[in-house]
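Visitor: Hey, can you work out the whole structure from these sequences and the hints?
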Amino acid sequence: MSTAAADKTVPARHRVAWLRKGLNIVTQSYSMMLAAALLAAVLLLIIIVPLLPGYDPYTQNLAVSLAAPFENIDGRTYIFGTDTLGRDLLSRAALAGRVSLLIGLSAVIISLAVGVFLGLVAGFFRGFVESVVMGLADLQLSIPRVLLLIAVAAIVGPSVVNLTVLLGLTSWVVYGRVARAMALSLREREFVLSAVTQGASATWNIRKHLLPNVLPQMLIVGSFELGQIIVFEASLSYLGLGIQPPLPSWGMMISEGQQYLEIDPWIALLPGIAIFMLVTGVQILSQAFTSESQFELATPPKGT
Amino acid sequence: MLRFLARRLTQSILTVFGVLTAAFFLVRLAGDPSVLLLPVEATDKDIALLRSELGLDRSLPIQYGKFLLNVLQGDLGLSLRQRVPALDLVVERLPATLELALTAFVLGLVLAFVVGLIMRLTPSPRLRAAIMWLAFIRQAIPVFFFGLLMILLFSVTLGWLPSLGRGTISHLILPAVTLATYELALYLRLFNSALGDQQGQDYVRTAYAKGQTRTRIILRHMLPNALLPLVTIAGINLGMLLGSAVVTETVFSWPGVGRLIVQSVSQRDYPVVIAGVLMMSLVFVLINLTVDLLYAVLDPRVRLS
Amino acid sequence: MTQGSAPILSVRDLVVEAVGASGPVRIVDGVSFDVHAGEVFGIVGESGSGKSITMLAVMGLLSGRTRLAGGEVKLRGRSLTDMSREELRRVRGKQVSMIFQDPMTSLNPVLRIGNQIAEILEIHQPELTRAAIRDRVIELLGLVGVPNPERRTRQYPHEFSGGMRQRAMIAMAIANNPDILIADEPTTALDVTIQAQVMELLLAVRTRNQAAMILITHDLGLVAETADRVAVMYGGRLMEEGPAEGIFSRPAHPYTVGLMASRPRLDAAPEFLYSIPGQPPSVANRPPGCVFNPRCALQNGREICATTVPSLDRVGVEHSTACHFSREIDGWIGKVNAGGGNTMQETP
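Protein chains in written order, with my numbering: chain A, 1 to 304; chain B, 1001 to 1305; chain C, 2001 to 2348.
The hints are simulated quantities; they were obtained by calculation from the structure and are not laboratory data.
Ideal Cβ positions, reconstructed from N, Cα and C, are used throughout, including at glycine.
Treat the hints with caution; some may be incorrect.
What the hints assert, rightly or not - Only part of the chain B face toward chain C is listed, based on derived beta-carbon distances under 10 angstroms:
id: 1; residue: P1125
id: 2; residue: Y1208
id: 3; residue: A1209
id: 4; residue: M1222
What the hints assert, rightly or not - Restraint ranges, calculated between C-beta atoms of paired labels, are given here:
id: 5; chain 1: C; residue 1: S2311; chain 2: B; residue 2: P1123; range: 42 to 50 angstroms
id: 6; chain 1: C; residue 1: R2134; chain 2: B; residue 2: L1293; range: 51 to 59 angstroms
id: 7; chain 1: B; residue 1: R1126; chain 2: A; residue 2: F117; range: 43 to 51 angstroms
id: 8; chain 1: C; residue 1: P2280; chain 2: B; residue 2: L1286; range: 52 to 60 angstroms
id: 9; chain 1: B; residue 1: P1123; chain 2: A; residue 2: A37; range: 26 to 34 angstroms
id: 10; chain 1: B; residue 1: Q1073; chain 2: A; residue 2: V129; range: 35 to 43 angstroms
id: 11; chain 1: B; residue 1: D1202; chain 2: C; residue 2: R2012; range: 46 to 54 angstroms
id: 12; chain 1: A; residue 1: S185; chain 2: C; residue 2: R2151; range: 42 to 50 angstroms
id: 13; chain 1: B; residue 1: L1029; chain 2: A; residue 2: F128; range: 19 to 27 angstroms
Guide: This is the structure in structure tokens:
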């Protein structure tokens, strides 16, 4: 991340142009279009399917258990097939996707907020505050994230809220680092300029100036992190330590499906493919925003 | 070199203490530790015993002190399920985890090295693009799903390799490859940019001015310099590796510490969970230290400062 | 120096292009000169004048987006520009070697000095045994004045001081007794106190090996002291070329005059440090006509300077200049000297 680029303030109309640029990016290269297609497919699953008739993620029907995708069984075609308890996999996958995406987005927002706050505070106030925040970051990084998640989830219990907060709290460091770097560089400038207005006024100024600069970068980082968090949540659910039944989750579906790999691999494959599509789509698009915005932020409009 | 070693050692010790402290507070997070650390059928006498042992009736600093003392003596409580010291259970499983993690780590670096070299030496830009794409796709697949795919292909469909357990080399292959390939995309990108960085360096120009051949310049001059950032990043990624190992062990029913932790969580055997997490952190810190030493070996500037 | 004998290095109409955002740019635009055996040939110019690139092109060391786009280079009559990459590789380090500006970055930080010097021997004298190479490396280090050479061969570049690193580079460069030694700003990156020593060493070593030396520098004083012949470059083109003594006593190009005037003098009170007004030219946008025209105090608004590129014409014995009005320079300097130091702006 170039802090030099971050020195330029991004006014509001620039951000709209930003969005339009975003749409342009998508149509520009093949990988972008692929990413958009993947994302669209997954979002289709997540958003549309629960609205269709026949959507039912919970009802068990042992008579139709372990049906293959598109198999017509007992007078009904299950597009994704059924699992070992006869539940419709399409519905379950859709609901699981909603839950995952919800948790993922919320966790990203939490970690972004926490990270930006701690990072700005550390970079601006320096001294003891900075040491504490950075020390916290280092400590957190000295335990593999999955282990930390497992340990805390084990102790506080894996509810959806707990998971979201936990995922959010363990992911703040990357935002914190960038925010701190920006605070450090901008701090010098503002202090020189607003030497007269000290105290609270300066603080407020910093917030007004720092945040608009910091946020665009953060959103880029966040879009990449979204993929990571979704994978973490899926991993936890796979281990049985994440989303708990009766709520379905892709991770848990994969875990359940692993036992039946020889008989019906689709139970495990379909959720996995869904994760892959979502994560890939998000990551490719976030990369596009990265290169695009570095160009944007580096050339400020005249008159700023 | 000695000063470098001393400094890193001190850092490592401080980190370990930090983790211990965090664990200390974590356990108290959910309320009374004696609830977590004793089985349901514990008698009042058991509870009282534990309370005095942990110093729960005393002030926090004393509790902390007792906690540290206990840990340093190797006393991390008893497994609720098996009534044996939690630490013993963890130590028993440690070799399996180390075998998997270290194999995967080395394999990952070797793979990155070989594939990176191929990418650099090949004249075909298509091959280069194809490799990077494959690596990128691999990285977008969660570790556990990739493991599952491996099982589906090599165990279920082809029947070449066993899908679970530990025993022979063939048991090690699938889990190690699953782990090792995960970070390949990152390593390759880094390796390539590191090699690319070397390309423009002055000493490379000097080597050409000496009349050296391109291949030898890459192998003898650029490579050792490009390895340095690679090793650094590999070290930093150790965290991911150990975390992924925890998950991978469950996929392949590999009898390591990770699987023990997961099983213990579902069985609410908290002393084992805590012991396991602490042990993994210790391993992490130690491996980091080793990677730093490796860096010192590779870079004479670090070694001699 | 033997005038009239065939030159050992002959450069004709050398053109180097770089690929820019909007098409190729000629960084070096038609440079020609000769270097004779055993002479010290200085190439002087501001940074950006193309002097380093010219020699890199001669050695075939252009990288990235720059490439040789025209001209011919002959070494002892053999065309370097026509050679295959492999043949050129064998010339480098053996018949022509080069020393670069910054010895810290020009040496590989993770290899021992001894190994790096040995490398140039291994490449071009593969018949030598390892023991012979080792002895030769120690001998070379001793030759360039590195104390305790045997111990030093096992050290790494960062354990050497700046001056010693450059000595090691010199040792590498002379290892195979090259015919031509190219030194690209060899002392610029060194401490002032060391510069003289290293330069002295370079000259001594060159003389001992009877090699020609091409000294690339922006330091006019250095060139005045050491060079036999000098070429002055500006904006990728040659402005003036001739014997050092001739150029400094009777410069035939306004740019050369300007360069000399801008040197701070120890014998006169520096109340005004002259610098040639204006900016160095952008090679992407060369002005039509003479490239020095925009900053020239001699042109006096004359149209030919702005429209026609002056050719390199002889003005004396082996002395050429690229200026339409070189014959006016003597008179012009006279007026300037009479009027005081700061009247370079005055047009004749």
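Visitor: Each hint needs a verdict: does it hold in this structure or not?
Guide: Tested hints:
With a least beta-carbon distance of about 17 angstroms to chain C, the hint placing P1125(B) at the interface is violated under the 10 angstroms criterion. Taking 10 angstroms as the C-beta contact cut-off toward chain C, the hint placing Y1208(B) at the interface holds, the least distance being around 6 angstroms. Interface hint status for A1209(B): upheld, as the beta-carbon distance to the closest one in chain C is roughly 5 angstroms, under 10 angstroms. Hint status for M1222(B): holds, given a least beta-carbon distance of 9 angstroms to chain C, under 10 angstroms.
Range check, S2311(C) to P1123(B): about 44 angstroms between beta-carbon atoms, so the 42 to 50 angstroms window is met. The supplied range of 51 to 59 angstroms is broken by R2134(C) and L1293(B), whose beta-carbon atoms lie about 30 angstroms from each other. A beta carbon spacing of about 47 angstroms between R1126(B) and F117(A) agrees with the range 43 to 51 angstroms that was offered as a hint. Restraint check, P2280(C) to L1286(B): a C-beta distance of roughly 57 angstroms satisfies the suggested window 52 to 60 angstroms.
Evaluation of the 26 to 34 angstroms hint for P1123(B) and A37(A) yields a pass: the beta carbon distance comes to about 33 angstroms. Taken as a hint, the range 35 to 43 angstroms holds for the pair Q1073(B) and V129(A), whose Cβ atoms sit roughly 36 angstroms apart. Range check, D1202(B) to R2012(C): Cβ separation about 29 angstroms, and the 46 to 54 angstroms hint is violated. Our hint of 42 to 50 angstroms for S185(A) and R2151(C) holds, since their Cβ atoms are close to 46 angstroms apart.
Range check, L1029(B) to F128(A): about 25 angstroms between beta-carbon atoms, so the 19 to 27 angstroms window is met.
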